[in-house]
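J.: We have chain A; now place chain B onto it with these hints.
Protein chains: 2
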Amino acid sequence: MPFHDFSTYRAVDRLSQLARNPHDLTAANGLSPQRMSSFKSSALGFDFLYGTQRVSDEVLTALQELADEAGLVETFIAMKKGAVLNRIEGYASENRQVLHTASRDVFDAQPLAPEAAAKAKAELAKLQVFLDSLEDGRLVNERGELFTTMVQVGIGGSDLGPRALYLALQAYRRPGRSVRFIANVDPDDAAEVLRELDLATTLFNIVSKSGTTLETRTNEQLIRGALQQAGLDPSRHLVAVTGEGGPMDDPARYHTSFYMYDYIGGRYSATSMVGAVALGFALGYEAVIELLQGAQAMDCVAEQTDIRANIPLLMALLGIWNHNFLGHATVAILPYSQALSRFPAHLQQCDMESNGKSVTRAGHPVQWQTGPIVWGEPGTNGQHAFYQLLHQGTEIVPAEFIGFRSSQYGADVEVEGTSSQQKLTANMLAQSLALAMGREDRNPARAFPGNRPSSILIADRLTPRTMGELLAMYEHRIAFQGFCWNINSFDQEGVQLGKVLAARLLDRMSAGRGNGEVDPLVETVLRDVGLV
Amino acid sequence: MPFHDFSTYRAVDRLSQLARNPHDLTAANGLSPQRMSSFKSSALGFDFLYGTQRVSDEVLTALQELADEAGLVETFIAMKKGAVLNRIEGYASENRQVLHTASRDVFDAQPLAPEAAAKAKAELAKLQVFLDSLEDGRLVNERGELFTTMVQVGIGGSDLGPRALYLALQAYRRPGRSVRFIANVDPDDAAEVLRELDLATTLFNIVSKSGTTLETRTNEQLIRGALQQAGLDPSRHLVAVTGEGGPMDDPARYHTSFYMYDYIGGRYSATSMVGAVALGFALGYEAVIELLQGAQAMDCVAEQTDIRANIPLLMALLGIWNHNFLGHATVAILPYSQALSRFPAHLQQCDMESNGKSVTRAGHPVQWQTGPIVWGEPGTNGQHAFYQLLHQGTEIVPAEFIGFRSSQYGADVEVEGTSSQQKLTANMLAQSLALAMGREDRNPARAFPGNRPSSILIADRLTPRTMGELLAMYEHRIAFQGFCWNINSFDQEGVQLGKVLAARLLDRMSAGRGNGEVDPLVETVLRDVGLV
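Chain order of the listed sequences is A and B. Residue numbers are given in the numbering used here: position 452 of the first sequence equals residue 460, and the series is strictly consecutive. Residue numbers are given in the numbering used here: position 51 of the second sequence equals residue 59, and the series is strictly consecutive.
Careful: at least some of the hints might be erroneous.
Any copy will do: because identical chains look the same in the list, a pair fits if it lies in one copy or spans two.
Unchecked claim - SDA-like, lysine to any residue: derived pairs with alpha carbons at most 20 Å apart:
| # | residue 1 | residue 2 |
| --- | --- | --- |
| 1 | 507 | 425 |
| 2 | 89 | 309 |
| 3 | 507 | 115 |
| 4 | 48 | 531 |
| 5 | 507 | 42 |
| 6 | 48 | 313 |
| 7 | 507 | 427 |
| 8 | 507 | 424 |
| 9 | 507 | 448 |
| 10 | 89 | 527 |
| 11 | 48 | 95 |
| 12 | 507 | 459 |
| 13 | 129 | 264 |
If you are wondering where the hints come from, they were derived from the structure by calculation, not from laboratory data. The structure displayed is predicted, hence computed values, not measured ones.
Extracted from the complex, chain A is given alone in its bound form (with noise of 0.2 Å):
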């Protein structure tokens, strides 16, 4: 595989000539219908308009050129077959494989990682086997009752992915189930939560690889608290997603446990058992299996080499040139879909994890920009929010928005001869284009400078199948800027030094702990603070 530095490409020359004077979208024909309908793409549900991005035919020939340079779907193909690319070269680092493709490499014969995808499979096995036994009353509470709640107790990407997919798709929930989520150490998250809960006919899903996370061996406490104090059995309502012969794989205290890898990352780890349990509660397995269909499929879209065919690298190159080109420090996730609300959250963990680094694979500082800022919020909420900066703001934000021709519930009314979808879809159109287009008035405050980047992705329905496609295509997007930038997207080594600091803290402020030494600094700042 090519790991060459990003400055070193002769495509990035080339780009870098190009972005000098980028495509004007005001410009007479700069959004002609003919662009609009060339610039799409389409695969699997999916199509991908951008004809409001501000490139050309040769922004695009060379964005082309710069993903076969990098070797971008080659690395890719090597990522399913498992090539050890959580790595940093001649340093001490995770050296792992990254295979959260594997985990919905099922349905084929031949899997391109037989041994990942195996074990995959063996824990969907087991699921359909606890889900059955949930549905059938051999798996009931202390009374013989069924469970009709589950709280996934988890933090980062143990609750941002899960949460995200189950607020996408709670329409499809089976009657009487619901998921809730205990994330955050902070006390307050679980009495919120516990306070509306009746304990006696919930599960809770604790889910920890290393079964050592600080915020969830503190909320299990809690909990396994709460349900003594009711006189419950804890072992009877706590399942388990854990390492395999970690310090949580432990029948004695959880009744059910499912294994996650180490070659998943937490933050792709949405479509293993830290995601499936949750859902498969929620949803019935049929419905994970549709999910991991999608992902399957988008998986596969994702080795194609030509970028008009696929739509990940297209997004990851486009974010590109935004990004290193013109300059832009952040990207915009608006899905028109109150379902997605929370998929920002995850596409703002699962980029911004991946690819706020700043050393290359071979261990030298980069010089170029690595992964931009993520956020977003739901259209048509944002609309009546932030969007005033992004049409007439100083800081120019590329938009993202994701939309969709039907509702879930199809519980519609039609007011003024549309129905609401109908006012959904338009509203994002219009966004898109108006943030393109601009408008000039004599009147200084109402113009708009237009020649603002922005592409839509619109789907049929959000489903678990649309909602597996569009979370894997995410996913590579952003492990193809990561290649391309060559830095290793599946480390965290930055949250590191926050935790030694909280450890110091921690001991001052614990009576009777510490090593005696007190760091002055540390004495201060929290007396000033007044928590010592």
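T.: For chain B alone, coordinates are given in the frame of chain A:
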């Protein structure tokens, strides 16, 4: 009031010079205990620590000079007294006063804007009667039962602020009372909320100043349909918050109407009836009064001319230092409080809709950066998500931490010698220190550059009163920045173009509508995405 261009201030020159060599937090003694103690301000319930910003005494002196030269406090006091600040000189504009502070200037005998304060008092009196009648059974449903749920139906400022405050304070809600929210025109938003409700005991609070907001009108119609289908009388279940004399001020359709006034912008309306009705329903009238008292007290703090005594002003100036002089495009709001989970989304609107502008109050294009991109999620969750980029990414993100010494519920657990609340606050302080200090390491992937700016805001406990203080603190920080950039922070002309284009698309999508002429671009885009 001095309305000068930002670039003309002497202090701006001075700050540009100082920004060439900003304070280095990683230098020897760059983050001393003395510095931490000295760069601290306190007001009301809050301590504000900013030793972890890249400022020196010289920078603070220049920021004070900027505040004085630009007359920021003078303009603020004029605003509170009713100056017509929502205006662009020489061009058509809203030409309105900006009097959200009057909505809580109801405790002094001599309010600064007597007429607006009197109106606010009258609405509060109306609210008290309304809440009493819900309590004592004068206001009940068709079957004589008490109402238990209120659904707030509004979007933008009628949603984000009230929702953020409700989530912040729901720990204090009255037994059996809760609030839900419907905002999006996405029909799945309403469908999901309505699915869970007992309509018979639900009140719907329809909030729209103009009475013409598309999303809110559409959702109201959907709700009326659902009530009728359930055999319920909509006029018994709907209340309104709207402009006096507007299309929604109609006793035949809403059994109670509360008023909002055009001198309070949506994003500043959380302390008016827009927020007070739902909060009063959930928490009781007294909690609303405490919220207003907190906000009003901060409104007075913001009148101080000494920047070290005026936290909102100091925050505004530090933000300007980071944005205009150090060049950071975004600011992250990071509350270490799950209850504040949606406060960043509220501030995202309040800030970006206020200051995402490119035209001065004199109608000239700005020649400097205005409002930054505001985003954020609660800690410790974010630590397991996007903090990787904050610590080791190539984008620098100024961070604003917000925390509390005590939890709301007081339901805590001690694990390894410290409580969850201690872990929460220790992590917050540790993150601020880690961003500032960095750490050298011979493994480049484990090295932290440090020198990344942040600040800490901390209070005892998140209560209605401290929430009011915090809300007003950020409102005024935003206003001070807008005054300094010489922009109109109180209009939102940038939302218009999208509306116009959406209407054009909907004309084409609705059968038998439109004027017959079809815009070829609109036609193509609709066809390309399969919507016609």
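J.: Give a verdict on every hint.
T.: Here is what the structure says about each hint:
no.	hint	result
1	507 / 425	between (56 Å within a copy, 16 Å between copies)
2	89 / 309	within (16 Å within a copy, 62 Å between copies)
3	507 / 115	neither (40 Å within a copy, 46 Å between copies)
4	48 / 531	between (59 Å within a copy, 15 Å between copies)
5	507 / 42	neither (54 Å within a copy, 24 Å between copies)
6	48 / 313	within (17 Å within a copy, 56 Å between copies)
7	507 / 427	between (50 Å within a copy, 16 Å between copies)
8	507 / 424	between (56 Å within a copy, 15 Å between copies)
9	507 / 448	between (52 Å within a copy, 16 Å between copies)
10	89 / 527	neither (48 Å within a copy, 49 Å between copies)
11	48 / 95	neither (36 Å within a copy, 42 Å between copies)
12	507 / 459	between (43 Å within a copy, 18 Å between copies)
13	129 / 264	within (17 Å within a copy, 59 Å between copies)
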